[in-house]
Amino acid sequence: MLSDREREALYEIERRFWDEDPILALSLDAAERRLARDRRRYVYATTAAVAAPLGLFMLAVGLPSAALVFAAVAGWAWVARRRRIDQGRRHP
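Numbering (the UniProt record's numbering), first residue to last: 1 to 92.
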């Protein structure tokens, strides 16, 4: 977390950067948004990749209700990931 003084210094650096080279600043801003979007996609994939084996483990140790919960979470994460990917294809 940045202190108020550090936040002000960062704001001043960003403002000077925008003043000196706005085209480069725009391209860096777009790259930052793209990286944030990619990180969100990995959250869904990671959730599915962790929940599915945990569900199988719960089934193996004899806890079918817990296995069902983990399977539901894995399924939700998979569907949410697919929807996000499909939305990205429709809205470039």
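In short, the hints are calculated from the structure, not lab data. Be aware that a few hints might be false.
Between beta-carbon pairs, the in silico distance windows are [stated by the list, open to error]:
(1) L28 / F57: 41 to 51 Å
(2) E14 / R34: 52 to 62 Å
(3) R5 / L59: 48 to 58 Å
(4) R83 / I13: 13 to 23 Å
(5) R83 / R16: 51 to 61 Å
(6) L2 / R33: 19 to 29 Å
(7) V79 / D21: 39 to 49 Å
(8) Y42 / M1: 18 to 28 Å
(9) V69 / D19: 45 to 55 Å
(10) L28 / R7: 16 to 26 Å
(11) V43 / A9: 40 to 50 Å
Note that this is a predicted model, so its numbers are computed, not measured. Ideal Cβ positions, reconstructed from N, Cα and C, are used throughout, including at glycine.
Tell me, in ascending order, the numbers of any earlier hints that this structure violates.
2, 4, 5, 11
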